[in-house]
Amino acid sequence: MSNALDRLPADKDDSDHHKAHTTQETGDGWGVLGELPGDLMMWVLIMSELLVFGAALIAFLAVRTTDPAGFAADQALLNRTEGAVNTIVLVTSGLCAALAVHAREINKRATARRWLAAAGVLGAVFLFVKGLEYWSKASAGIDIETSPFFTFYYLITGFHAAHVVAGIVILSMVAWADSLRNMETGVAFWHMVDLVWVLLFPIIYLLR
Amino acid sequence: MRARALIEAWAVLVGLSAATTILSIFEVSGRGGVIIAGFVLLLAGIKARVILSRYLQLRNSRFWTRSFDFAIGSFLLLSFGLFAVAIEY
Chain R
1 MSNALDRLPA DKDDSDHHKA HTTQETGDGW GVLGELPGDL MMWVLIMSEL
51 LVFGAALIAF LAVRTTDPAG FAADQALLNR TEGAVNTIVL VTSGLCAALA
101 VHAREINKRA TARRWLAAAG VLGAVFLFVK GLEYWSKASA GIDIETSPFF
151 TFYYLITGFH AAHVVAGIVI LSMVAWADSL RNMETGVAFW HMVDLVWVLL
201 FPIIYLLR
Chain H
1 MRARALIEAW AVLVGLSAAT TILSIFEVSG RGGVIIAGFV LLLAGIKARV
51 ILSRYLQLRN SRFWTRSFDF AIGSFLLLSF GLFAVAIEY
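If you read the sequences in order, they're chains R and H. Position 146 of the first sequence, counting from 1, maps to 146 under our numbering, and the rest follow consecutively. Position 39 of the second sequence, counting from 1, maps to 39 under our numbering, and the rest follow consecutively.
Errors might be hidden in some of the hints.
Claimed, not checked - The calculated label-pair distances, taken between Cβ atoms and stated as ranges, are:
1) R66/H with V125/R: 30 to 38 Å
2) S172/R with V85/H: 22 to 30 Å
3) V125/R with D69/H: 26 to 34 Å
To be verified - Chain H is faced by these chain R residues, among others (derived, beta-carbon under 8 Å):
4) V32
5) L36
6) P37
7) L40
8) L57
9) Q75
10) A84
11) T87
12) A124
13) L155
14) I156
15) L195
16) L206
What the hints contain is simulated information worked out from the structure, not anything from laboratory work. Since the structure is predicted, the reported quantities are computational estimates derived from the model, not experimental observations. Idealized CB from N, CA, C, for every residue including glycine.
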C-alpha cells in the first residue's frame, strides 16, 4: 500500500507549489531570497527565533560574569549525560526530517510521511528525556526561583522545549498537507529547533 | 546520492557531539578551562554549519552560507569572550 501511495500523482495544488518552489530555487526575481528553501516567511521566523535565543544566551553569559562560582555550582547539578543523549536524539530527528524532504522530492510520499513520523517520535523522546530532567530537579527542590542560573535554565530550555512541541505539530501538519513546499517549510522549522539546541547545550550545560 | 550526503552529515554531527562530550569531561580550571571552552564552542559552530549547509540545504548559496557563518561566528566569539571574562576576573 505504501508503494501505491508513493506513486500517487501530485495534485494540482502540489504542482503549483512545485512551480513556486522551482522559481525560488532558481532565484528568478527573488535575488538571494530565492536561494532559501521553503516559504520565505518561515525563514523570517527562523531568523527571529535565532535572534531571540541568541540574546537569551548572551544575557545568561553576561549575568554569569557577576557570579561565576555560583553559576558553576548550579551547573554541576545538571545531568550532562541526559543533555548529550538529547543532542543525539535531536540530530537524528533532523536527519529523519531531511530524508523526508528528499523522499518527497523524488515523489515518494508515503516514505516521506514515515520519515516525518520518525522525526516526530524522536522529538517526543527528546521531550520525555527533558521531562525526566525537570522531574529530577523538581524532586531535589530546584525550581525557577532557586537561583539566577536556574531561572535562565528553566526559561531558555523551557522555551526551546515549547518549540519542540510546536515542531512536532508542524511536522504532523506537513505530513497531512504534504506538498514539497509545505514539507520544506515545516522541516526548516524543525532544523531551526535542532540548530538552537546545538548552540544552547554547550553554553548552558558544558561551559564551566 | 543526497540521502547518502545527509547520512554522512548526521555521522559528522554525532562524531562532533561525542567529541564535545569528551572535552567537557575534563575538569580544568583557569586558563585551561578557557581553552577547552573555546574548543567546545568551536565544535558547536561546526555542528551549526553542518545543519545549515546539509540539513537546511544552504550549501549552494554562498550569500546565506557567509551570512550565517558571520552571525553564528560573531555570537560564538561574544559567548567565548563573556565566558573568558567570568573566568579571568
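Okay, which hints does this one fail, numbers in order? 2, 7, 9, 12, 13, 14
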